[in-house]
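Number of protein chains: 2
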Amino acid sequence: MEDFTDLINYAKKIAAETDKVIFEVVSGEPRFLYDASLHLVKAGGKRLRPLATVLGGRLFGLKEEIGVRAGAAVEILHNFTLVHDDIMDKDDFRRGVPTVHKLWGENIAILAGDLLFAKAFEALLKLSDYNVGHKAIVKAIKELCWASVTVAEGQALDLSLSRLESVTLNNYVEMVYKKTAALFKASLCIGAILAGAPDEELSKLANYAVNVGIAFQIRDDELGLVADERKLGKPVYSDLREGKKTVLVIYALSRASKDERDFLLSVLGNEKATKDELKQAADIILSLGALDYSNKLASEYLKKGLEALDSINEVDSEAKVLLRKLALFVTKRQY
Amino acid sequence: MEDFTDLINYAKKIAAETDKVIFEVVSGEPRFLYDASLHLVKAGGKRLRPLATVLGGRLFGLKEEIGVRAGAAVEILHNFTLVHDDIMDKDDFRRGVPTVHKLWGENIAILAGDLLFAKAFEALLKLSDYNVGHKAIVKAIKELCWASVTVAEGQALDLSLSRLESVTLNNYVEMVYKKTAALFKASLCIGAILAGAPDEELSKLANYAVNVGIAFQIRDDELGLVADERKLGKPVYSDLREGKKTVLVIYALSRASKDERDFLLSVLGNEKATKDELKQAADIILSLGALDYSNKLASEYLKKGLEALDSINEVDSEAKVLLRKLALFVTKRQY
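Chains as they are written, first to last, in the numbering used here: chain G, 1 to 335; chain R, 1001 to 1335.
Any given hint could turn out to be false.
[Claimed, not checked] No more than 27 Å apart at the CA atoms, straight line, and that leaves these computed lysine-lysine pairs for BS3-like:
1) R:Lys1272 / G:Lys139
2) G:Lys102 / R:Lys1102
3) R:Lys1063 / G:Lys135
4) G:Lys135 / R:Lys1135
5) R:Lys1126 / G:Lys126
6) G:Lys63 / R:Lys1139
Don't read these hints as lab results, they were simulated from the structure.
So that you can see chain G by itself, here it is in the shape it has in the complex (with noise of 0.2 Å):
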């Protein structure tokens, strides 16, 4: 087993200056909606994304100081899609807490969500005070831009793809490209941006991003089907009450005899679907071998990325290690 220590400390330190920069630029009034906004960042968060950005910067010789204002942006990003997610998928809790709309009411939660949305590209556009051209923050803000696009329509094809019976795994990938592993991509792309890296290694860089952001979200899906709830801070089988077409329930769709597969599509999706429902659903799943090949494709794509990864041609290699762990690190995580 690989040892994590050093990338676990070094991300403790980033998310701590990170959480400094995104309670400077997500300040003002009224209030009660700043509050709402900050809430699911108080709540924790690994702030891998943040990481990344440092990481990616770090790669191509950016200061440590730029890659965390940049990171700050791809986290206040990210806690926007959380917040809106939520209240679409109608997610009670978050992090281990009640979730936004449940606290503010959806009203607020919409709103919060857009004020954080806004406030992503602000964090951008601060980088103008600390010496970064403005050619490289035009850049950033398009990437930042394109995965907040990307990001919107990965959500849609979530939902529409909970709708459907069926589905193959082109879809699924395709859908967790958008979802997931497109701000993977912006945030070790931000990070390169500002250092000046080449398109050459910008490419090399987005190859490891989202080969490892689909490997992540393959873990994500694993996990909330198999993780301890206190662990995972949401309840299990929440995706598939929701009626989330994770590679798990495609491949267990694929595999059920006609008793298993219409006992899978009652419960998938439906509100009303009794907690025994979801486990022995979960138990169908988990017995025609899902994890087994879920885990396997994460292994492919882990691997895909990870050879991108060394193709790089870096100034800082102690980045590129920790690079390495961090994709091992997300993709093998138990919870």
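Based on the hints, put chain R in the right spot on chain G.
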């Protein structure tokens, strides 16, 4: 009465060009998400904000084509706020058609708004393909970003004022400044920024925009009480049903007898209020002279705005004439 023919003809020309850019920028997959995002754009609207951008730019010599592209960004952002506001206000109609959440459901409406938000920034970023320098683009994006933050704060204030019994004129003006005037200010200033206008001129233009923006909203509130429903494109009295603290309501509450006040407060923000009760409340508000008061207030803001406009050192006097007419048009319009 002023002759608005030249303004209206120019507005139509700019509207058609703006729409072309909007359809170019807001296109992609999945189709249903883009259809939902473009629904209100297709339903009409006068495109007064893009017109303001073009004219704000022309004052200082900006090419119309660049003004139109930037104006499209502002109009896209405006449409984002409409889609989300309609969800929050539970409005069923806008521009004479059912609102986005009525047709596609709340989830897709939230996402459609999010997508438009990102696309507004994308529209400004695309200016780099049209020979606009990075420094000007960054400054323009800062202005749009400031407006996005301020509009979210304004909408939050609006929601919170709806729940308060006692609201002062100052509370109202602050809310309207943030909710409406800020984006009108950004519309004009983005044009001027792209033209390279000096900060001194920008602040005069901002002064014009903020004052006219507030007068515009006061007129909008009046129309919500007295307009013809079909021309308005949405039900009259919806502001009353939602408990919106307009100038008219604030004034009426300050002048009402105890009985009138009790009745008004029983109807304002009461979702179950009947059409008759709403009509009766509107009649009380009008009988107390609220419309005269509100007209006078709007005229004061209009006057300040026109004085600010006069003080600008423009290079295109036709643009100044049209901006003067625009101010009169939006504050005196009958529907």
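Hint numbers contradicted by this structure: 1
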